[in-house]
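Student: The sequence shown runs 973 to 1105 under our numbering.
Since the hints were made in silico from the structure, they are not lab data. Any given hint might turn out to be false.
[Claimed, not checked] Label-pair ranges, simulated between beta-carbon atoms: (1) Phe989 with Asp1034: 14 to 22 Å; (2) Glu1051 with Glu979: 18 to 26 Å; (3) Asp1034 with Phe1058: 37 to 45 Å.
Just so it is clear, CB atoms sit at the ideal spot from N, CA and C, and this is done for glycine as well.
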Amino acid sequence: MARVTVEDCIEEIPNRFELVMLAAQRARQLSGGVTPEVSRDNDKNSVIALRELADRRVDQDDVRESYVRTLQRYVEVEELTELPDFSAQRRQHHHQAANNPMLQDFSPFGARPAAAPVLDGGMRFENVVIEED
């Protein structure tokens, strides 16, 4: 069982507080199932993490970034530059619903009226065309 000392690790990470932070995060990763980069030798995850950091087997920036992500409360969402076109999918669903006999008589307010009401000039609600600018 190879022993690792703080002096071995301080050569790689001069700040002791950062060393503890990185070793703790790497130990969490190891206990979460990440494969160790050094032989386990029946050591605990904290000792394995220190050995990995002392031997430069793991990238310190990756471990640091992983630690920062665990502390973040706001997750950045990638904004869409262009909205997807769902018009073909919408037409297909509309066509399927129109041909489905179980949905033809469906109305959110109960039974569908026998005929659409007639407005002045002979126009019905079903004949109205809405043009978008």
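Student: Honestly, do aspartate 1034 and phenylalanine 1058 meet the 37 to 45 Å range at C-beta?
Tutor: Since aspartate 1034 and phenylalanine 1058 have Cβ atoms about 38 Å apart, the given range 37 to 45 Å holds.
Student: Take a look at whether the Cβ-Cβ distance between phenylalanine 989 and aspartate 1034 falls inside 14 to 22 Å.
Tutor: 19 Å, holds
Student: Is it true that the C-beta distance of glutamate 1051 to glutamate 979 lies inside 18 to 26 Å, as the hint says?
Tutor: 48 Å, violated
Going down the numbered hints, you'll see the structure goes against just number 2.
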